[in-house]
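Note that the protein sequences, when read in sequence, are chains A and B.
Start counting the first sequence at 6; every next residue gets the next number (the numbering used here).
Start counting the second sequence at 6; every next residue gets the next number (the numbering used here).
Misleading hints may appear alongside valid ones.
Note that identical chains are pooled: a pair holds if it fits in a single copy or bridges any two copies.
Stated by the list, open to error - Once the Cα atoms are required to be at most 30 Å apart in a straight line, the calculated DSS-like pairs of lysine-lysine come out as:
#1 Lys229 x Lys154
#2 Lys257 x Lys289
#3 Lys264 x Lys243
#4 Lys257 x Lys27
#5 Lys34 x Lys243
Think of the hints as simulated: they come from the structure by calculation, not from any bench.
Please read these numbers as outputs of a predicted model, since none were measured by experiment.
There are 2 protein chains.
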Amino acid sequence: MIILDGKKISMEIKKEISETVKAIVAAGKPAPHLAAILVGNDGASETYVGHKEKDCREVGFRSTVLRFPDSISQEELLSEIVRLNSDGEVTGLIVQLPLPKHISERAVIEAINPDKDVDGFHPANVGRMVTGFPAFVSATPDGIIELMKRYGIETAGKNCVVLGRSNIVGRPMANLLSRKAYPGDCTVTVCHSRSRNIGEICAGADIIVAALGVPEFLTGDMVKEGAVVIDVGITRVKADNRNGFRLVGDVKFDEVSAKASFITPVPGGVGPMTRVALLKNTLKAYYLIKN
Amino acid sequence: MIILDGKKISMEIKKEISETVKAIVAAGKPAPHLAAILVGNDGASETYVGHKEKDCREVGFRSTVLRFPDSISQEELLSEIVRLNSDGEVTGLIVQLPLPKHISERAVIEAINPDKDVDGFHPANVGRMVTGFPAFVSATPDGIIELMKRYGIETAGKNCVVLGRSNIVGRPMANLLSRKAYPGDCTVTVCHSRSRNIGEICAGADIIVAALGVPEFLTGDMVKEGAVVIDVGITRVKADNRNGFRLVGDVKFDEVSAKASFITPVPGGVGPMTRVALLKNTLKAYYLIKN
């Protein structure tokens, strides 16, 4: 059994990006520049944006956080986006979600220039991804695909089960793994809350991507010997330790890891790959905007 | 066994649309107006555009065919689209494919205003459809969904196999049938040229959508008793009759119809539903543009 070490791989990718940025700057060009819009003062959003700023700093990107009060109107926010869309100094643009209730997330996302949409949430990027054109793929699926690629996981003709049909993980994963590409060319089955016989379906899978958000849903009896298991879940479960909790994935790790050929740990698997995916997209956007 | 009679249902839908158009016109408003761009003089394209004009006429839509020679430059074509995008009299806009090789189909499709894109080919429409937002769905998948709805086919929790992963049929069908909706909520498996054990996978399916373009691919032994079978294929096969050919689907009809609970014939199943879907979208676009 081999651990798919997202932490290690994400550090390698950061190093690669950082070297590219050094070369850009050495050539006298400005570094990629991520602008993040943060509305209100939600604690979790503050933390996420803080991580993004830190990650940018570490690879040499410029980053700007534009903070607006909860009271900002949708119109004001949209005009801010229009301004950033045409600001040549901003190469990537994200809006931290959730937004206050009086603002339509959909209107905001659709206002972002798809070529700066490094979160990959704009429907034009989703549509390009689904139809096999170059696109910004959202962070978690992009991170998973990259992890599979770096470990050389065989995918062509494999039976793959995706547990979950969310717009940010399950659905893009299913579309990516069924396309004519590597990683891809899988026979993909998407299971969700309305599916029957999930255990039986999983037991026939060569690759399982678990993204239901149900702690330890996937147990040993649901997995065949040699399966590749990607665990997207991450839930805080009360524990008798210093933090008072531990992080648990959608996979019962001890049981499943005994049968799997490759498996992601939680934490240290998909999480760090998701984080680094935003940096990959920001670099990609830089070349799109600058060239 | 019940025949899913696309011909009959499509005529019912045309009647409904035609009544809506009468009411629009009676209220003193202009009828919906489909503009179709036709480049060059490909015989098949001429035929398709001719059908579309006829269909429009039958339901009371206005339609305009804009013809351009093969020699038109991409720039000229794009500026024509920009003009039509902002022409308030044009409520739906399509570009008949294929285009001459010197013109990027992708650039042309992305130039169309997504709110007039009644073919549903713009990536923003694909992305909206995939993420569950209101969208123009391309004609064949939209026609199939409508047919399932009109016959009240049960879909929630059913195992559905989609044969084929094309951008215009297989992929949208898989996304639509797995969404949280009716028809939908299926456990969907997408099979394609790289899939193994297709026969076995199909034999477990409650619903099969065959869109491989391989005549009589799906045989009786691949289908379980009571399955719902949708045949998207339509291939001309040499025959000893007046036309010199007959139309054959992806399903071996005599064998499969003996086991199926519902099945589409070829011709007269998915084909007419595909044709009427463009009219449905054109009416929808009319309300989007006019309100």
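Going down the list of hints, with the structure as the test:
In this assembly of identical chains, the alpha carbons of Lys229 and Lys154 lie at most 30 Å apart only when taken from the same copy (22 Å versus 37 Å across copies). For the identical chains of this complex, Lys257 and Lys289 are neighbours neither inside a copy (36 Å) nor across copies (48 Å), given an alpha-carbon limit of 30 Å. Within a single copy, Lys264 and Lys243 get their C-alpha atoms as close as 27 Å, which meets the 30 Å cut-off; across copies the closest is 53 Å, which misses it. In this assembly of identical chains, Lys257 and Lys27 lie within 30 Å of each other by CA distance neither inside one copy nor across copies; the values are 42 Å within and 61 Å between.
In this assembly of identical chains, Lys34 and Lys243 lie within 30 Å of each other by CA distance neither inside one copy nor across copies; the values are 49 Å within and 63 Å between.
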